Amino acid sequence: MLGVIVSFCGARASDLYVTDDGDASIKVFDQFSGNYLGRWGVGFLQDPTGIVMDNHNNLYVADYAKGEILRFNAFNGAYEGQFGGGFLDQPLGLAVDSNGVVYAANAGGSDVIRFDGATGDYMGTLAQGFAQRPFGLALDANNELYVTDSASGNVFRFNAANGAYGGTLGGGMMAFPYGISIDPNGVADIFDGGNNQILRFNSTSGAYMGNLAGGFARIGRGLACDQNGVEYLADYGGGVVDRFNNETGAYMGQIGSGILMDPIFVTPAPEPLPLAFLCAGVVALIVRRRQH
0 MLGVIVSFCG
10 ARASDLYVTD
20 DGDASIKVFD
30 QFSGNYLGRW
40 GVGFLQDPTG
50 IVMDNHNNLY
60 VADYAKGEIL
70 RFNAFNGAYE
80 GQFGGGFLDQ
90 PLGLAVDSNG
100 VVYAANAGGS
110 DVIRFDGATG
120 DYMGTLAQGF
130 AQRPFGLALD
140 ANNELYVTDS
150 ASGNVFRFNA
160 ANGAYGGTLG
170 GGMMAFPYGI
180 SIDPNGVADI
190 FDGGNNQILR
200 FNSTSGAYMG
210 NLAGGFARIG
220 RGLACDQNGV
230 EYLADYGGGV
240 VDRFNNETGA
250 YMGQIGSGIL
260 MDPIFVTPAP
270 EPLPLAFLCA
280 GVVALIVRRR
290 QH
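The sequence shown begins at 0 in numbering that gives the first Met the number 0 and counts up by one.
Everything labelled a hint here was simulated from the structure, so no lab data went into it. Computed from a predicted model, the values in this text were never measured in an experiment. A hint or two may mislead.
What the hints assert, rightly or not - Estimated spans, in silico, between C-beta atoms of each pair:
hint : residue 1 : residue 2 : range
1    : Y207      : A64       : 34 to 40 Å
2    : S97       : M260      : 31 to 37 Å
3    : D115      : N34       : 22 to 28 Å
4    : Q127      : M260      : 30 to 36 Å
Stated by the list, open to error - Below 20 Å or equal to it, Euclidean Cα-Cα: the simulated SDA-like pairs (lysine to any residue) are:
hint : residue 1 : residue 2
5    : K65       : D29
6    : K65       : V41
7    : K65       : F31
8    : K65       : L36
9    : K65       : G238
10   : K65       : G80
11   : K65       : E79
12   : K65       : Y78
13   : K65       : D88
14   : K65       : Y35
Glycine included, every Cβ here is placed at the ideal spot set by N, Cα and C.
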């Protein structure tokens, strides 16, 4: 009965979404079994890059060539519109906060642009004068926005609400920082393309915490972490998504071999809410399947 209720309400908590530049689509997998679940966005996307999902089953995808953000229903892949045209130039990574504000790494404009995810309205610009070519974005629990700059080798931190500059992370340790994620414990993981590894930092203190994934990715790009501490790395050169235990660094296998062509970014579905909520006219108590 639980599975039926969840299927009516929205995307499954185990879904993993990957942008595939090879055939301009979104590929969907089960993040545990690795099973391929379908392909979305064909005919709408031209050069998909960043991807992120909010808590209301909205899936946002940046299109590098079109200079837009496209919105899809994360349950069935239905196209729901686009926004950002006229503001965005070569958008890459995306992030979304709990209020539905979407942040886009605007590589062509050397800044980060905010939009209302529901209306598409422009909400301001961050990181001007800091980032040269912003690539990856991540938000922590304190609404701090982290921006990787693949051109300068820096990772910048800003207050997402007011845009205040908060310093850098991992200065001098990375050649080409691309994807970034913040795990449930506040650990910032950053893929260093120059050294083909993921570097780990305490996002609050900035302290270096070691590395993982060395030597796995051919050309690593987007990075994401789920609520269970599993790290996902989109390997553009290898045509797979690599999985790692974010605490131990242990390799956990690949997803998408033979299906993915040129994966760029990856995002897992958010965890289901562990409380009663109204959905499709039915009040149901949703119980977590996994203990944390």
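Okay, the hints, checked on the actual structure:
no. : hint                    : in the structure
1   : Y207 - A64: 34 to 40 Å  : holds, 37 Å
2   : S97 - M260: 31 to 37 Å  : holds, 33 Å
3   : D115 - N34: 22 to 28 Å  : violated, 35 Å
4   : Q127 - M260: 30 to 36 Å : holds, 35 Å
5   : K65 - D29               : violated, 29 Å
6   : K65 - V41               : holds, 14 Å
7   : K65 - F31               : violated, 33 Å
8   : K65 - L36               : violated, 26 Å
9   : K65 - G238              : violated, 23 Å
10  : K65 - G80               : holds, 13 Å
11  : K65 - E79               : holds, 16 Å
12  : K65 - Y78               : holds, 16 Å
13  : K65 - D88               : holds, 8 Å
14  : K65 - Y35               : violated, 27 Å
The structure does not agree with the numbered hints 3, 5, 7, 8, 9, 14 stated previously, though it agrees with the rest.
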